[in-house]
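**Q** Residue-level listing of the chains:
Number of protein chains: 2
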Amino acid sequence: MPPELLACLFLALVAVSASGAAAARRHPAPANSTATGNPVYIWPLPKNFTSGTRTLAVDPDLALDPRGPGGGAAAVAEAFERYRSLIFSPWAHAARPASAGYDVATLTVVVASADETLELGVDESYTIYIAAAGGANSIVGGATIEANTIYGAIRGLETFSQLCVFNYDTKNVEVRYAPWYIQDEPRFAFRGLMLDTSRHYLPVDVIKQVIDSMSFSKLNVLHWHIIDEQSFPLEIPSYPNLWKGSYSKSERYTVEDARYIVSYAKKRGINVMAEIDVPGHAESWGNGYPKLWPSLSYMRKIFPFGLFHLGGDEVYTGCWNLTPHVKQWLDERNMATKDAYKYFVLKAQEIAIDLNWIPVNWEETFNSFGESLNPRTVVHNWLGPGVCPKVVAKGLRCIMSNQGVWYLDHLDVPWEQVYTAEPLAGINDTAQQKLVLGGEVCMWGETADTSDVQQTIWPRAAAAAERMWSQLEAISTQDLETTVLARLHYFRCLLNHRGIAAAPVTNFYARRPPIGPGSCFVQ
Amino acid sequence: MPPELLACLFLALVAVSASGAAAARRHPAPANSTATGNPVYIWPLPKNFTSGTRTLAVDPDLALDPRGPGGGAAAVAEAFERYRSLIFSPWAHAARPASAGYDVATLTVVVASADETLELGVDESYTIYIAAAGGANSIVGGATIEANTIYGAIRGLETFSQLCVFNYDTKNVEVRYAPWYIQDEPRFAFRGLMLDTSRHYLPVDVIKQVIDSMSFSKLNVLHWHIIDEQSFPLEIPSYPNLWKGSYSKSERYTVEDARYIVSYAKKRGINVMAEIDVPGHAESWGNGYPKLWPSLSYMRKIFPFGLFHLGGDEVYTGCWNLTPHVKQWLDERNMATKDAYKYFVLKAQEIAIDLNWIPVNWEETFNSFGESLNPRTVVHNWLGPGVCPKVVAKGLRCIMSNQGVWYLDHLDVPWEQVYTAEPLAGINDTAQQKLVLGGEVCMWGETADTSDVQQTIWPRAAAAAERMWSQLEAISTQDLETTVLARLHYFRCLLNHRGIAAAPVTNFYARRPPIGPGSCFVQ
Chain A
4 MPPELLACLF
14 LALVAVSASG
24 AAAARRHPAP
34 ANSTATGNPV
44 YIWPLPKNFT
54 SGTRTLAVDP
64 DLALDPRGPG
74 GGAAAVAEAF
84 ERYRSLIFSP
94 WAHAARPASA
104 GYDVATLTVV
114 VASADETLEL
124 GVDESYTIYI
134 AAAGGANSIV
144 GGATIEANTI
154 YGAIRGLETF
164 SQLCVFNYDT
174 KNVEVRYAPW
184 YIQDEPRFAF
194 RGLMLDTSRH
204 YLPVDVIKQV
214 IDSMSFSKLN
224 VLHWHIIDEQ
234 SFPLEIPSYP
244 NLWKGSYSKS
254 ERYTVEDARY
264 IVSYAKKRGI
274 NVMAEIDVPG
284 HAESWGNGYP
294 KLWPSLSYMR
304 KIFPFGLFHL
314 GGDEVYTGCW
324 NLTPHVKQWL
334 DERNMATKDA
344 YKYFVLKAQE
354 IAIDLNWIPV
364 NWEETFNSFG
374 ESLNPRTVVH
384 NWLGPGVCPK
394 VVAKGLRCIM
404 SNQGVWYLDH
414 LDVPWEQVYT
424 AEPLAGINDT
434 AQQKLVLGGE
444 VCMWGETADT
454 SDVQQTIWPR
464 AAAAAERMWS
474 QLEAISTQDL
484 ETTVLARLHY
494 FRCLLNHRGI
504 AAAPVTNFYA
514 RRPPIGPGSC
524 FVQ
Chain B
4 MPPELLACLF
14 LALVAVSASG
24 AAAARRHPAP
34 ANSTATGNPV
44 YIWPLPKNFT
54 SGTRTLAVDP
64 DLALDPRGPG
74 GGAAAVAEAF
84 ERYRSLIFSP
94 WAHAARPASA
104 GYDVATLTVV
114 VASADETLEL
124 GVDESYTIYI
134 AAAGGANSIV
144 GGATIEANTI
154 YGAIRGLETF
164 SQLCVFNYDT
174 KNVEVRYAPW
184 YIQDEPRFAF
194 RGLMLDTSRH
204 YLPVDVIKQV
214 IDSMSFSKLN
224 VLHWHIIDEQ
234 SFPLEIPSYP
244 NLWKGSYSKS
254 ERYTVEDARY
264 IVSYAKKRGI
274 NVMAEIDVPG
284 HAESWGNGYP
294 KLWPSLSYMR
304 KIFPFGLFHL
314 GGDEVYTGCW
324 NLTPHVKQWL
334 DERNMATKDA
344 YKYFVLKAQE
354 IAIDLNWIPV
364 NWEETFNSFG
374 ESLNPRTVVH
384 NWLGPGVCPK
394 VVAKGLRCIM
404 SNQGVWYLDH
414 LDVPWEQVYT
424 AEPLAGINDT
434 AQQKLVLGGE
444 VCMWGETADT
454 SDVQQTIWPR
464 AAAAAERMWS
474 QLEAISTQDL
484 ETTVLARLHY
494 FRCLLNHRGI
504 AAAPVTNFYA
514 RRPPIGPGSC
524 FVQ
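Quick note, the sequences are listed as chains A and B, same order.
Numbers in my numbering are just positions in the first sequence, counted from 1, shifted up by 3.
Numbers in my numbering are just positions in the second sequence, counted from 1, shifted up by 3.
Just so you know, not all the hints are guaranteed correct.
Some chain B residues flagged as far from chain A (calculated, every beta-carbon gap over 10 angstroms) [what the hints assert, rightly or not]:
hint, residue
1, Glu81
2, Thr120
3, Ser266
4, Asn359
5, Ser371
6, Asp415
7, Leu475
8, Gly502
Among chain B residues calculated to face chain A with C-beta under 7 angstroms, some are [said to hold, decoys possible]:
hint, residue
9, Ala95
10, Ala115
11, Ala117
12, Glu119
13, Pro206
14, Val209
15, Lys252
16, Glu367
17, Asn370
18, Gly373
19, Pro516
20, Pro520
Computed list of lysine to aspartate or glutamate pairs in DMTMM-like fashion (alpha-carbon distance at most 25 angstroms, straight line) [what the hints assert, rightly or not]:
hint, chain 1, residue 1, chain 2, residue 2
21, A, Lys437, A, Glu476
22, B, Lys252, A, Asp64
23, A, Lys211, B, Asp172
24, A, Lys211, B, Glu81
25, A, Lys304, A, Asp118
26, B, Lys211, A, Glu84
27, A, Lys211, B, Glu84
Keep in mind the hints are simulated off the structure, nothing from the lab.
In this text, a Cβ means the ideal position worked out from N, Cα and C, and glycines have one as well.
Construct all of the structure, not just a fragment, from the sequences and the given hints.
**A** In structure tokens:
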């Protein structure tokens, strides 16, 4: 083949490879923002960190050295194995000469407590230290994660995995900008994602994928909106007819499925908050069970998390006046329908509290009769901004999901608006700020099923995740395009690399396909 | 809680649960189409089958009984374990009393040959027999798969897995309509899916997901369009500068990645046909390598499949006349640019054949100088219908990918048009029909990346998969909405259940989200 024939192709090549190099430059290397002002590619951003200038090679046979009362927990060993398989491709052997050795051959994980209880406010803090042997700041080289709980250790493992990057030239997994010292903990205790399995059934394998991806961004509550008026997919053994309200005989969750989901989430430090939305969204509860409340005591056995969501939104009470024997019941008690709504919600709260649950209610309950809600109530905002300030002023706790910014089915909300939504907005009193448990992005399922649920959730849920995890001072920046966007691109590409169908970051409408060829790091 | 308050909710409930039941009826139970005319929920439809009326319970500890020279191959045992984990959820224990026993406790897999060679035309036939002990047609109960090769056994395992359905009432995995006798083999030897990793890089984990889903529909060739003008992601060790044409330093495939993909696909009976598209799509080959052809000999070590795709489409020869030393080279040989295009393609064919590859070329080569192509050439149709008849009339082999029906990035092609596209259309001579190797659906990547590639591929690729696997008489039906649609819905739900983001079937535009709440089986 005469080389001349290829020559004119190469005229274009110089330009193309130059633009390829430019693309690589647009995706700059991780760096310590303190030292150089470059982005730190850890999402969400840790509370405190220092970094250096060394590149360390990580042994593909990285070993776990468990320490402390909780270090030997199976949950720690399992999490280490999960992260090891995310960090290393088993087929990608490093070409490093045996004599060279590795800078990081062991990951020491020190866990102070063996208590595996996962509840709201569990200690998720951790410290990471990574250094080469003989480094300026180290006597013994290697990597260490220290945490008070196994859940803190799991958060630390996620951060460690994000520091480990495969170098395609050396074919080593490397930690750049070492030594690293990271001290981290979340700003809010409740960092949720809601999944709606009533509008579309999501198979267990898909819920597992969502839980995996939540753990990558350190979200810690899966709010499972299990049922709604469209379908009732969950088995309640004491009322076996209930799940006849499922879409089909196979679009269902057995009790064993639900327990498995809870267990799978727990291993990733994620609580499952179930919701039975009453009385406004209960039309699928059919088939002749007038006394449904006892089913809650069965659900208590499935869902150990201390919070339970009782719904309470979008109640249409008009029909109560149109049903003769309900009308009679109301008349006998001299109740208007709004009184009955209140009676219903408060009764449900009582039952939940008797079951040792903290009741969570959508904000309509607070807006309608806030003064009557049980003081333990957590009010779940959704209608708009400004609700949590009113809630915490009354001494109740609040979760923010302002639909204008944190409803993921609102496709016209760009990532910047998700990112800048602040749960503490309008709350200046420190004691009142503590009543804001955090927030939650909501993936309502009318147009989201297995085919598109992940591309609708990500990357915008990650923007909220950093908002809820990272320190306010670090993320309250005015110029997101230059200070945050590259890091969010990077995290979206990380999700893609881990097989998660996260959508392009910069499309104005969420979950739209890429607009043309290009790198993951700029779309 | 006074039951009266719930009563008016129940007014709606009757209607809703009735419609729920209707939805279940729209998703009828599997049945023998011979006996009752109901759909058989196996995709693609097997060649010959008979069924019965019994329901058999399958042991969650189902054991493999490997027989024959190839039965003991690791590939068989691995495939069995894969399918076991698809059939049984480890947490969903059957409630069956121990005394009842199971009808199917062992799967016997008999493989006649231990030869693990996977090449075009490998024997993929298999026979399945499933019966209860003491059944009318059986002496010994259980399930048996017989195949000539391990790849036939793997196809049989897929079919077996589709016959095994979890019953949410009994909590057993069951085979309904037993006894089953199935004899199956594909109509075409080449049933491909093309992935384009140049317009968007697809991480290895994503390619694995695509390979998994291909095996579910019995596709057997992954046509890997690795590079194009936009990026060059593949490592060629002898030309280490080539993959500097990748979008970024991490949007790359190492040689080890490529080998792993080939090996991963082989375990699922899928060949990887690589493509280096020259001379029309080679602008990313840059950085000063005028003699690129030797790189093909390195690629030969990575890609063992006997077919290699040399591209040859969309060549713009105009620039050759504008480049002085190319123009001089042409003038010295008294060549026009079209002569040079021909020279280039034929030279590439020679090199590929010297490397013991069968060259595959896009149809422009045939359209331009078909009489000069090497007789071993496989012509790859794409521009429109009617090409394969001309190709096979000239004695060459053909693969159909008519862009009007089998280009998956053409979003306005509904599943029915994909399904009814027939590779043998216009070819009546039996000998000529044998020259049609099969077909391929093409997933060009301009607007498909990790976020949406699976929802763009599925379910329409499945429509083509049945077209290429199943017998023409069985699938050439006039009323697809009643005879095929329910089965395709079912297969799409199966993909979803296995975690694959297959899109709704009936949306006119492919990969669009569901239009509203509803069952997977009707969307």
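**Q** Evaluate each hint against the coordinates.
**A** Cross-check of the supplied hints:
no., hint, verdict
1, Glu81, "holds (15 angstroms)"
2, Thr120, "holds (22 angstroms)"
3, Ser266, "violated (8 angstroms)"
4, Asn359, "holds (19 angstroms)"
5, Ser371, "holds (16 angstroms)"
6, Asp415, "holds (14 angstroms)"
7, Leu475, "holds (30 angstroms)"
8, Gly502, "violated (4 angstroms)"
9, Ala95, "holds (5 angstroms)"
10, Ala115, "violated (31 angstroms)"
11, Ala117, "violated (25 angstroms)"
12, Glu119, "violated (19 angstroms)"
13, Pro206, "holds (5 angstroms)"
14, Val209, "holds (6 angstroms)"
15, Lys252, "holds (6 angstroms)"
16, Glu367, "violated (17 angstroms)"
17, Asn370, "violated (21 angstroms)"
18, Gly373, "violated (21 angstroms)"
19, Pro516, "holds (4 angstroms)"
20, Pro520, "holds (4 angstroms)"
21, Lys437(A) x Glu476(A), "holds (17 angstroms)"
22, Lys252(B) x Asp64(A), "holds (24 angstroms)"
23, Lys211(A) x Asp172(B), "holds (23 angstroms)"
24, Lys211(A) x Glu81(B), "holds (23 angstroms)"
25, Lys304(A) x Asp118(A), "holds (20 angstroms)"
26, Lys211(B) x Glu84(A), "holds (20 angstroms)"
27, Lys211(A) x Glu84(B), "holds (20 angstroms)"
Hint compliance for this structure: hints 3, 8, 10, 11, 12, 16, 17, 18 are broken, all remaining hints hold.
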